[in-house]
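S.K.: Sequence:
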Amino acid sequence: MTAVVARTFRSVDESISVRQLRVLVMLRYGAPMNLTSIAEALAVNSSNASRTCDRLVVAGLLIREEAENDRRHVSLSLSEHGARIVDGVMADRESILDDIIGRLSPAQQKRLAASLEAFLAAAAGAGLEPSADGRESLIPWLR
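Read in order, the letters of the sequence shown correspond to residues 1 to 143 in full-length UniProt numbering.
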């Protein structure tokens, strides 16, 4: 899995860091978010998350909106360009995984699916949900 992630990350513009790509992915599947949520998801302090997001706003990948009634509340969402980058990375990952899984026999594919379902259940039991709302599967091709 690490090799798949690394291969698809190489296709991303060199100016985008791993942390920035993580923010883009989080916003693609859970937008909009505020800086506090992003900082918590990245396990960094708010100022680090703010700098990361500021760079993405300047690059035209994020849209920052302040709430009309409370300027301290900042909502972040992907721009169309940011969404295209994430969609491209995810399509590349899906293609690579489809190719790998396609090399398995049907019986092996069923065993893999069962094992991954068990893994996801164990991860959920450990409090590691695939997404904050639980709607997004880590491996959507199993559903």
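Because the hints were derived from the structure by calculation, they are not lab data. The reader is advised that the hints may include incorrect statements.
Per label pair, the in silico range of CB-to-CB distance [what the hints assert, rightly or not]:
#, residue 1, residue 2, range
1, Ser105, Glu65, 47 to 57 Å
2, Asn45, Met90, 46 to 56 Å
3, Ser75, Val18, 35 to 45 Å
4, Pro32, Ser105, 52 to 62 Å
5, His73, Leu97, 32 to 42 Å
6, Val57, Ala3, 29 to 39 Å
7, Ala107, His73, 47 to 57 Å
The beta-carbon is built from N, C-alpha and C at its ideal position, and this holds for glycine as well.
S.K.: Sort out which numbered hints this structure fails and list those numbers smallest first.
M.R.: Hints 2, 3 and 4 are the ones this structure does not satisfy, whereas the remaining hints hold.
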